[in-house]
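Visitor: Residue strings, one per chain:
2 protein chains.
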Amino acid sequence: MYATRRARLRDRYAAAGTGAGAPDTAAALVSSPANIRYLAGCAPRGAALLLHGGGDTLLCPSAPTGEPSEGRPAEDLRISLLPAHTGDPVVAAADLAVKAGAEALAVEEHHLTVARHRALRSVAPGLRLADLGCAVEAQRLVKDQDEIACLRIAAEITDQALGELLESILVGRTERHLALELERRLVDHGADGPAFATSVATGPNSGRPGHLPTDRRVEEGDFLTVSLGADYRGYRCEIGRTFVIGTTPADWQIELYDLVFAAQRAGREALAPGVECREVDRAARQVLASGGHEEGLGPWTGHGVGLEIAEDPQLSPAAMGKLDACVPVTVDPGVHLPGRGGVRIDDTLVVRPEADGGPELLTITTKELLAL
Amino acid sequence: MYATRRARLRDRYAAAGTGAGAPDTAAALVSSPANIRYLAGCAPRGAALLLHGGGDTLLCPSAPTGEPSEGRPAEDLRISLLPAHTGDPVVAAADLAVKAGAEALAVEEHHLTVARHRALRSVAPGLRLADLGCAVEAQRLVKDQDEIACLRIAAEITDQALGELLESILVGRTERHLALELERRLVDHGADGPAFATSVATGPNSGRPGHLPTDRRVEEGDFLTVSLGADYRGYRCEIGRTFVIGTTPADWQIELYDLVFAAQRAGREALAPGVECREVDRAARQVLASGGHEEGLGPWTGHGVGLEIAEDPQLSPAAMGKLDACVPVTVDPGVHLPGRGGVRIDDTLVVRPEADGGPELLTITTKELLAL
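Sequence order for the protein chains is A and B. The first sequence lines up with residues 1 to 372 when you count with UniProt numbering. The second sequence lines up with residues 1 to 372 when you count with UniProt numbering.
Check the hints yourself; a few may be wrong.
SDA-like, lysine to any residue: derived pairs with alpha carbons at most 25 Å apart [claimed, not checked]:
id, chain 1, residue 1, chain 2, residue 2
1, B, K322, A, K322
2, A, K322, B, D88
3, B, K322, A, T86
4, A, K322, B, A149
5, A, K367, A, H177
6, B, K322, A, G296
7, B, K322, B, D88
8, A, K367, A, G246
9, A, K367, A, G296
Read the hints as simulated data drawn from the structure, not as lab findings.
Please model the complete structure; the sequences and the hints are all you need to start from.
Guide: Now the structure itself:
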């Protein structure tokens with residue numbers, strides 16, 4: 001599987017002319033951890049992956065552990081353990097490429113810093129450096145069955161963790177504690193860890209995207225928004241829900257909730273292969289705009305998920321490109337009213353053709369407005 | 001305070017000639033989050049800081065929250081909130097620099113990617129780009145009283161969290177759960193979060209640097225190594241301890257523990273202003289070598305801490321430079337015997353002259369070999 005992925009990448013960058021020439025004179029250097037994991041099965045800290053006709057090599061400062069959470073290195077890879085004082089694996093990889101007879105090397109210019117790029121150039125001045133661009137990211141867009149299976153498990157774990165929290169007493173507990181408890185429950189249920197920093201936002205903080213949990217305690221009458229996800233074998237999903245604390249939501253809370261709910265449903269229903277990404281964003285955004293909330297909306301209303309929690313495609317007004325089948329995305333519109341709070345509703349779904357039943361909802365926790 | 005730091009930086013890069021010229025034609029662009037926090041008081045996600053004679057500006061995609069964990073923006077800063085669809089704040093900052101009349105812009109080439117650097121160049125083709133290098137990191141080396149106060153609190157929280165764990169039953173619990181519990185206790189005691197991913201390693205995993213917790217359960221006879229630290233107001237400390245599970249340690253365990261303990265003490269005792277960093281590393285390393293463990297040692301035996309968990313100085317054989325007073329560092333030697341386990345002992349200390357009582361130990365949990 002990993003060998004197939006690497007072969008596809010080789011075709012791609014050879015065809016794009018970035019590393020043109022006889023196969024054994026062109027090489028590519030992958031430095032982004034998620035891209036390395038996708039192509040090599042694991043990504044030990046600080047590793048670099050050299051793709052070269054003569055054999056692909058994973059250069060790393062310490063041996064891969066083979067733990068499920070880290071991933072197991074693909075069996076056909078050469079592993080080059082760098083001695084402790086060697087310095088940057090990226091530079092060592094360039095050196096190796098030259099020794100293996102490569103004349104051109106495509107690097108990830110969107111990941112390498114200017115300083116590392118310069119160090120690489122100085123160790124291999126004769127090497128023609130090109131830009132690999134986002135070739136690996138593009139290849140990662142459409143997921144295979146194994147990848148989607150990991151995402152399904154990640155979503156199941158996430159639903160379980162959230163479900164358990166809803167059964168506990170919330171009033172009086174701080175955002176920070178609730179976030180930690182959710183993360184513990186994710187791990188209890190088999191996650192390798194949280195997919196991103198769990199966000200719990202209460203009262204005036206609720207609905208704020210990416211809110212960092214504070215010491216504010218849950219109070220009667222609050223909106224409570226939570227955003228969490230499991231990392232399972234490197235694959236990350238995301239769920240967001242908003243609840244109200246106490247017996248009866250206020251009118252403004254019900255109104256706002258219904259609006260965001262309608263926006264999120266519109267976004268979900270717009271998901272189909274061949275649909276423009278920005279159309280999905282527009283479907284959700286125009287519902288919010290119709291409720292008078294076009295100001296202050298975030299730059300996107302959804303994004304791809306996979307080995308990174310936010311990857312392509314982006315569902316935003318300026319997004320280019322269309323959706324494909326087997327692309328997992330979030331649909332996560334929200335509204336935050338400064339000083340009052342807000343609502344965010346977020347699911348992870350896999351784009352599927354109508355013939356297959358339409359989008360597959362991975363995160364199945366109810367989206368009713370629960371009063372807890 | 002922040003204004004003073006920025007003024008010192010301006011002197012530094014002007015003197016180094018990177019942004020030479022009349023003060024209002026030279027500007028600097030800081031993009032590394034820790035450096036932004038140091039100079040601006042906070043670092044909202046994706047922010048960039050433009051330093052310019054005509055006024056310093058923090059460009060950010062969303063408003064700073066002012067939460068203690070995020071930090072509060074310095075009062076004399078201009079804050080420029082970028083509209084949602086603006087794109088990279090670094091590019092917007094370059095644009096702003098040109099409009100403000102800057103002719104030269106020093107950027108952090110060790111942080112900016114090749115692709116962002118190119119985007120910046122293309123939006124401001126007339127701007128002379130220079131390298132700010134690690135000027136801010138260099139300035140961050142010696143800590144002021146407020147910074148050391150934050151580190152003291154971080155260490156106190158860390159000791160408390162670890163102390164509570166030692167009072168609980170450990171046998172039968174997994175590495176993953178113990179790590180999560182430690183992180184919860186850090187937050188209980190007032191941390192803004194863990195300073196880094198808490199490591200708990202049992203049995204054959206023990207002593208492995210940066211070990212990611214697994215589902216292995218603590219067993220009788222195990223070595224147990226833990227490594228954790230609190231983040232308090234952005235400042236991060238680190239502690240590492242090794243325990244033995246059960247009533248009586250085996251002979252090899254006592255021997256190995258005593259050796260690492262002696263190495264760590266030698267490292268601690270070598271800390272003083274004016275001492276070469278590599279001398280501290282050598283002091284610890286040669287004790288381990290005398291016990292036959294020179295192979296397989298990590299690339300360093302200590303490092304600076306502050307707004308980042310691993311920052312300058314590095315205590316390693318190849319390190320250049322000398323220690324100064326008021327530089328906080330870790331001393332963290334360890335030995336891992338593949339298949340058997342190992343020992344790691346790690347403290348955070350502040351370098352102080354002998355006249356002031358020598359190095360100040362921040363993490364005070366006992367380093368006796370406890371049998372739990």
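Visitor: Against the structure shown, which of the earlier numbered hints fail to hold, in ascending order?
Guide: 1, 4, 6, 7
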